[in-house]
Amino acid sequence: MRKLLLITLTAFALSVQVDLVAADHAHNGKNSPSGKASGVELSVECKSAISAASAENRRAKKVGFEWRDTKKFIKQAKKAGGKKCVKLANKAKAQALNAQQQAKDQANAGPVGF
Amino acid sequence: MKKIITTMAVVALLSSTTVFSAQQSSVVQADIDAFQGHFKKKFSHLSLNDFSKGPYAVSEDKMGQFEAVMEMPPFEDHIEKGEKLWKTAFKNGKTYSSCFSGGDETIRTQFPRWNTAESKVDTLEQSIVDCRVKNGEKKISTGKGKLAWMSAYLTTIAEGQTINVIVPEGDVKALAAYKDGKKFFYAKRGQLNLSCANCHIDFAGQRIRGDTLSPALGHITHFPVWRGKWAKKKGDGFGTIQRRYGGCNKQVRAKPFKRHKKEYDNLEYFHTVMSNGMEISGTEYRQ
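Protein chains in written order, with the UniProt record's numbering: chain A, 1 to 114; chain B, 1 to 287.
Extracted from the complex, chain B is given alone in its bound form:
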């Protein structure tokens, strides 16, 4: 009898922990409310999902340019290539989908996520690379190229799905990773002594030479993006969010970090959580 009671108590405790861990940390939820509240107040004419259009949402001129490009997106071929790559079986007969749970259209919004077993943030792009390795294939480079095409395909089919990244309540390590990403976002760095927040919160919507600074809210709803700037350089124009982080760091004259290491993974975690409740808008054009 004593054993049965103990077993039942343990089961009850475990099940309550499971439910508990799926809940958003109250600290993080307060941050989300304050972050989104700031933008809703600053740009009161915009709805939450309007922020997914980035600088175009806050500039009529830019929106015209964006809509013109999006009428016939110059990147459709690459998304089709991404789909083909995604659906092509590995030598062992398995496909990328076998590494992920749920339908393909739900994969984008499952990431970034906290990996309790390894105490780290898992990102979609790194998980795709890991999937290849697990199935006996070679690694591919991150940031652009084939990986970005596949990721762009997943973003495109996830259009309309809601972002809901969880920092589990009571998970100290997850909260520490989130706080690490948050600190990165607000810390001034580089010779220009500028933080991500300086441009994308303090001066969001204002001009920096010929460009309009995008609000940080909704940044991740459309990545990987196809950028005109990247297309002019060597490459096909596609880039993941972590490629963009590297570019931003270089622009403030800070040495960029390696992609898919702790620094940018934690930043992506924080950055995505802040856009919880927004819909994925599919891969889009950016200047």
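This is chain A alone, in the form it adopts within the complex:
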């Protein structure tokens, strides 16, 4: 009887611990670089925002006017997840679009005044 009680308690304690560890991993997963470490995926909205920002930044790079921090914001968006992800990705996209506009504006850059 004593043995049975001990085994039941041990099994219960172990199952609780497994649940806690799983929950902890799920929580950390949101902050992991890929967002997939523990099976937690980035939201569709977040993925879409990141994809749009990356595409615009590639265009900015192609015309030789990529800005310094745009890629950094995309990386941060991937790590952040949630609403912050969309906010950062949109910030990166805005930078990339401004960079493309800058390339157009500077197409005929040259000396002024001499």
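All clues stand as given, with none of them false.
Computed beta-carbon distance windows for the label pairs: (1) Lys62/A - Asp61/B: 37 to 47 Å; (2) Gly110/A - Ala231/B: 34 to 44 Å; (3) Lys261/B - Glu41/A: 29 to 39 Å; (4) Gly82/A - Asp130/B: 47 to 57 Å.
Just so you know, the hints here were simulated from the structure itself, not pulled from any lab data. Virtual Cβ for every residue (Gly too), placed ideally from N, Cα, C.
Could you slot chain B onto chain A? The hints should help.
Here is chain B on its own, set in the frame of chain A:
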């Protein structure tokens, strides 16, 4: 008889082309005159070679600081190391000098130069790396370290040599590379929307926080430089002109380009041409 005349005509045409190609493009010469004229007018108290002192030429306080450091330059050991590396033979017995024409003291002013065969700009630092590879040695990193020491040694022994970079008249590709470099120099970039020209032409001599902005004229007369800022960071303080380009781009929050690729090579070509007629002042200290 007909063959002889044809041969002579071809020889005459070729020889005239050779002379022709050694001449500076008239478009480029007009740019040089306007560029240098702007600085001569803006800083009328300075001679052409005074501009090689950069921000120190336009600030008395800064000049005092510069002269104090240059009394006992903290980088002499590295220039000696550069000399030793330069003179050390490769495994095949050849030396770096075997890859270049003329005496060692003339090498600095031969670059950057237009490579007609490959239709690109050759820079000194990339040519040193190419020389290693050609002689069966491993590549070394550009921008700083051993390559910068060797380049600094070549700059030091070239002191007093005159810069005369040519964009050959009639060479469309060379002119296109020059124009590409020129456009880079004047184009605003990065989140701060600033061009090289904004700081180093429009506001040359003015303060930006604690620093004085150097005039673009004469920038390349003293590179590689030993910078106090670079010495504080990881490294020995030395850096080539293309390392500096990367730093400038980062400062305006633009993504820097890779060294010794088309963008910075063409920029170096334009940038150096603008200082034609100036003397190399040797490797120097910069803040």
